[in-house]
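The two chains are supplied separately, each in an independent frame; assemble them into the complex guided by the hints.
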Amino acid sequence: MGTVKISFKLNGCDMNVEVLPNTLLVDLLRDVLGLKGTKVGCREGECGVCTVLLEGEAVNSCILPAVKVGGKSVVTIEGLVKENGQLHPIQQAFISEGAVQCGFCTPGMIMNAKALLDKHPHPSDGEIRSGISGVLCRCTGYRKIVQAIKTASQAGGRK
Amino acid sequence: MAEKSDKKKKVKVVTKEKEDLQQLMAAPIGLSVVGQSLDRTDAFLKVSGKLSFGADYPEEGFLHGKILRSPFPHALIKSIHVEKAKQLPGVVAVLTAKDIPGRNGFGAILPDQPVICGDKVRFVGDGVALVAAESERIAEEALERIEVDYEPLPPVFDPIEALKEDAPKIHEKGNLLSYNKLRKGDIEKGFAAAEVVLERTYQVPILEHVYLEPDIAMAIPQSDGTMLVEGPMQAPFTVRRNLSAVLGIPINKVRVRQIHMGGGFGGKEDSPIDIGCRAAVLANHTGRPVRLALEREEVTLQTSKRHPMVMKVKIGAKKDGKLVAFEGVIYDEQGAYAGLGPVIPPAGGSHIHSMIMMPGPYEIPNVKVDAYLSYTNHPYGGAMRGFGAPQVHIAHEQAMDELAEILGMNPIDIRQKNAFKQGSVTATSQVLDQSVGLLDTLDSCAKAFDWDRRYRETGYLDKERTKRRGVGIGMGWYRTSIGTSSDGCGANVYVHEDGSVLLFTGITEMGQGAFTVLPQICAEELGVRLEDVRVVQPDTDIVPESGPTVGSRSTTLMGNAIVLAARQVKEAIFEMASEMLAVPMEQLEAKDRKIYDQKHPNQSVLFREVVAKCMGKGKRLIGQGWWAPPMASLDPETGQGNPYFVYTYSTHMAEVVVDVETGEVEITDYVAAFDIGKAINPRTVEGQIEGGVAMGIGYALMEEVVLKEGYIQNMNLQNYLIPTSLDIPDIKPIILEVENKYGPYGAKGIGEMPNIPATPAVLNAIANACGGRVRSLPADPETVYWAIKEKGGPPKH
Ligand code: FES
Ligand code: FES
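So the sequences go chain by chain: H and P.
With our numbering, letter number 38 in the first sequence gets 38, and the count goes up by one each step, no holes.
With our numbering, letter number 316 in the second sequence gets 316, and the count goes up by one each step, no holes.
Isolated chain P (complex conformation) (with noise of 0.2 Å):
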């Protein structure tokens, strides 16, 4: 108890809800730009529609891209006949396999998927030819002209059945992409001590995207023979890596440039390789510019998906709740192509992701998980904000709840008797040593959201009885890397004569605030404001290698990468300041444009004068950062390491109505609480948790791709789902700062985190109100309706 208490000094709060909860504190001293909400950067192009996406550059010059895609999910490819198109006027270019002029295969991780499909195809939507045309109508017509002669194949759908002996082949390798395991403890002595035992199994769809971006691809061919590819991505380098094998140039001669972005949450890490790809290899033949912008449905069908799986889930307790045993089974389903599937060693990738995190944030001494990822001929898997882990907190989290339900436990109980804190160990024998939040987020959480008392007052609403409230919880933890043995950032820092600063990295803006969080950081280590800081659009050819934008590792990462390159420039700076005030380097102390004295805070100079002596003496104004985390690892056998360096920790809290005669569902109140670490920017953090969870409660009520024999049936936003601002309540965030010793300022990553348990919570108050219990998503009124009859009708008292 002493400890608990002792550690609660240092959980700082950060909050505008004022109601219930204290204000702890606003900036720590000694910090001016880090830690406020300042006004993003780009906001100003964005409100006034000055600024410019993909599909606002400029047409002139540039060709139209088309790709003719399989009518069939599974097929071979008899023959192709282009010449009809290639007669048609305005048509510059026809492409079949054999025009690739390099490796006939892309991919985020095994270059698998064909650029141009040469002697089978494997979902409906795989590409099978190209078109470059003067307009996008002809180009549209061009592909109408293809003549393509298939055999089809039996296809597969199911990611078991694609294990069985008999099942038809996808690729030649097999249809089972990986299989992992976890093992820890022993599993057989953990359930034989286990007073209760429950077993079940959780479904969840494939999952789209849907950034309001559709995707687009510009390829530019330079005269000296360098490909240029401008577009939307979160991936530059993946993208420059897979366009140099493709068109069998060197990496030197591909130059990708970053386009501002209207949203990725995963999605554009794999599509703007896929089109990238096909862009310049049209480029490339026609010597032309080729623009290749996809239209909504082309999106759907196309780009990659949330995977889709089964879980079996078998968890062993004492009656007192305490956890013993947790055996899980997870049938991934990958699609046609591997994606961001398989394993990067040694814990990247999305299915290795899933594995590790199954178990939950619970401590838990005998652990096995077996996960096994399946081609099918669907869309293929990718990363979607959490990357595998929202799936399998689906189940861990409404596991939990049915366990506490056999228990007669309070689900807030169960989980604070189980739940990670400071020297925990996990699932993969992992100790978490510092920055372990996870119980100081249900704490806050259960306080602002009134817990106890509201799951005490569940129960019919109306006296027609016919809605019932109830409250849900869910819990969770996210890392901040990629798990792989290749995870640095490099930034680097240019301080100008007149003292304005440029930042150069490879993180991409997306939505998500990078380029103010980053600058912010920048600015703040050299002591001047954030718009003093410019930063300069990832393009490859200027900025150094930083990996991608995903993994919610970009602030902390790339932040300290930041650091570093910026304290090297402020040696150089406070080299000069400290003998133009005749006080020694150690004494000073860099602060709003001025560098001071601590010690005589009157006695001060101006950053931009200290910079201009600096230029005119020759001392070196640039700095060049590198940061990688400790290293990632992972026993291939066992599933035991240290596969990502530090974590996330969160608490969702959500109180819906349900209609049980017609299975509708409001979502009436929610409060969700995360420990990042510190809030660099607070406001853009409540705007990536405000949003998470919006998307985290579309995955609970209402989206799914839906597929029939291999077509998906919802191709535009009229029949795909996602929420509006009727369907999300009034999100109540709380951030709690537990340092992250390993973080700039002790930040954790937060992008991902916010989505990741609000779809258990929802369903599990879903289940609290009126007893139906969802295990197939999604929860749409249909569904729950029956999960009510399943459970002999809605509750009598």
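Isolated chain H, as found in the complex (with noise of 0.2 Å):
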């Protein structure tokens, strides 16, 4: 199988690559650049822990082929870490709500919640759970992790 060459831009990076047909967003990302910040729980698209932003758009990286991302630009968690190492307020009320319990989900969850803060910066709480349904949690019960996302979208989450 031949590489196909993609460029694209990657948490604001110019990123050129050679990559298989066939190789996932997710494996590049894990793999191949050591990204791995991205988890992976299921590889068909249903646990919602391999969630990256893609043109702004929360999608699942385990299924998406990574040549589809040539000229877009992907957004993982490292990406919401400022350089200074200041997080992000949906990670800071992550972390003051106690939205955060094992963490697998935790990525997956506040890529979500990004996706949906800067499209909805003040959501409802009926808006934050279908906004959220796609990414499974077994730990928390979701309670917690609403609020953050409440409490985010209070402080300003749309940064």
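In case anyone wonders, no lab produced these hints; they're calculated from the structure.
Treat the hints with care, since some could be wrong.
What the hints assert, rightly or not - Label pairs and their computed distance ranges (CB to CB): (1) 155/H with 250/P: 55 to 61 Å; (2) 13/H with 786/P: 53 to 59 Å; (3) 140/P with 71/H: 29 to 35 Å; (4) 89/P with 2/H: 19 to 25 Å.
Claimed, not checked - Straight-line C-alpha distance at most 35 Å; calculated DSBU-like pairs for lysine-lysine: (5) 119/H with 78/P; (6) 82/H with 50/P; (7) 72/H with 50/P; (8) 68/H with 50/P.
As the list claims (entries may be wrong) - Here are some of the chain P residues that sit facing chain H, going by a computed Cβ distance under 8 Å: (9) 43; (10) 52; (11) 60; (12) 118; (13) 257; (14) 512; (15) 694; (16) 704; (17) 706; (18) 707; (19) 716.
Small disclaimer: the values here were computed from a predicted structure and weren't measured.
Even glycine gets a Cβ: it sits at the ideal position worked out from N, Cα and C.
Below, the structure is given as structure tokens:
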């Protein structure tokens, strides 16, 4: 199988990589580029822990061929932390509201929340619940996650 | 009555719900770290994506392990040919049963599961060969080249069928793995005195844990002949014991190191033994590091499950609702291997725990329970959040409601009449002499939920008469320990010259918050801040023996060990501070990095300075604590004794809306109250409550490992459904504190309790809403629809 050259923006930086046509985005991110913040729970597009942003939309990186991101912009959990180490308000709210337990769903959940708040800066509880329904969490019962997203929205989570 | 109000004063309420409940307390005076909702110590790494789980570790230099699994539920292995697989370039080893250096068997309690099956397979997924290759893809290809000749045997899939004389024998000793009985009082006289008798059968399916992190183990041979195994695990010491036997080397040549865990819920008690042993056998054979990572389907196929059960219940009561007799039979399905089912004397193992818990948290003078645990050709049963207790709660809590209905009683009144209180005697004749807050949880839950009003106002919500609202209650109890004779915990505390502290324990962090709660206890005892204490990842070479992270035991048992360890160090520090301040030791207090004179609080010296001085004078600043609970007891003939030393209590209330035309259920409100002795970190406790309830709701409404002729039909998360954010309401937790005299700061366990009464609370709410009683789970729309039909259709009013 021949490789394909793609260029895309990753967390704001220009990337040029060669991938196989069947390489999945999650494997490009984790195995080739070494960004292990994005997790893998099912590889079937069901659990959502591999969620990243593609042109601002939350997508499951485990079912998306890497070639599809050519010319586009991708943001992962690593891209949310500022260079000076400062956390994004959503990340901060996940800590202060106790929305993190085992943490395996957390990166995917936070990326999903980011996509949601970018579109709806002040969502209702119901909108938050449907907005994150594509990411499973087995630990928290979702309540504190919903609270965290609300807190972040009040703190201006759209940054 | 006087006694009740007196006791009430000792109940403390910790809650964020300001509307209905008064805030009775913040932290008790004198505590500054314990009782605070401090941020988790691991949260920063987790939200920033920087925390490494097992799958995030570098793979360079590792061989990739794969398991060839049985395609039959029950078969003899006639022959195995591995040559073609070995010839594939990149394949480094292909192992069969004869290659196991030591004991070819592992298991948390009985080592009856082969590391590699030699002559026989007992479930679809049993391992028949192991491959190590340079890449995962090559390893997979090698599996396809292994030729196995099987002779299928007749299988058995039903725990009752399995006990019949002519049932196919799964293990040589027969299919009955354990038979246990409980006898209290005179059961015949009890039923003779009853004015009402209810008999019911309840059935629960197999459940999958669905921790989101798939299992992984890495085995790394060391140059001195030691085998290092790393992975996410709940029981590193159990893994070590199995590795030593399987590799045929002494325990001190095995090192097991914990990695951050993406959820366990009991499931990562068994499975790390399984993949840990298999990775280590490959590493031992090849002399190279081996990584064995399971895909989601493999997790479903191979790892332990929650035991399915058939439960027969017979309850006798007086007309006023007072219980006089309880008879139960449990047919508990163990599956192919012993897992965590069998008894560890006196009261350890999931099966005997089910038996002990079956009559519920109620005073009943005459009790008889017979519990059978059978092998079948299904995946094996292990621990899952509640360890045999969720199943039996589904039985007794539904039976209590069914009985209340016959008696025309409000479900909370019948419970009020029978629930444990201080001094109650359990079915095992244990006297509950302290920390019994069950009725307090009932009271505060009912108040916060507004039960009386809501119970009256059930019925149709809409003019079209399709949606009916109902409410349900579930009560429960759960132990804080494992009921074996070896339930001790060790902790080491090292204080360094700059005042920073290292805490060594064998308790693992799986998401529950142990790495925040345990150092909080340590910091409180020493008078430093949480950020001054770093918890060392469990590593069997460097942490003291602590037993497994199960049984809701960590905060209490390990907490006590930490208190003891910290006090040893504190004694040396106070001795020095007493000299420095010229104040007697008894007058000193340590808080917020200072040692004070209690009488003259402005007289103080910095913790750090005292520590430096201690160091300079060669004083010991190493503390070693060991704590084991009061000895468990249980007579094997009568099931009488004190199996667990203290219990957590809880009451849940749920409101549901049932669509009587489709059978769909929506949970619209939920309150759950807990007596946990003391909340070391209330926000973490709330997290345990909310997550546990959500899991219990999944059990009620949607979860089931569907098996057909031994084959799992729902291998991935596409068809094994767990609750999403849309299925779970805003759960309102209430935390009550009835002090446990054996606990650190009075604490009891919380990890499992929230999961347990949630399921029957939802099922009782469904029955209350639509009349349909679901006695065989899950209550999915179709099941609820038929339950309504069986009742003769939806209620008229
Ligand atoms: S790993 Fe991508 S959805 Fe589960
Ligand atoms: S925190 Fe564990 S899965 Fe969400």
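Item checked: Index of numbered hints that the structure contradicts, given in increasing order -> 5, 11, 12, 13, 16, 17 and 18
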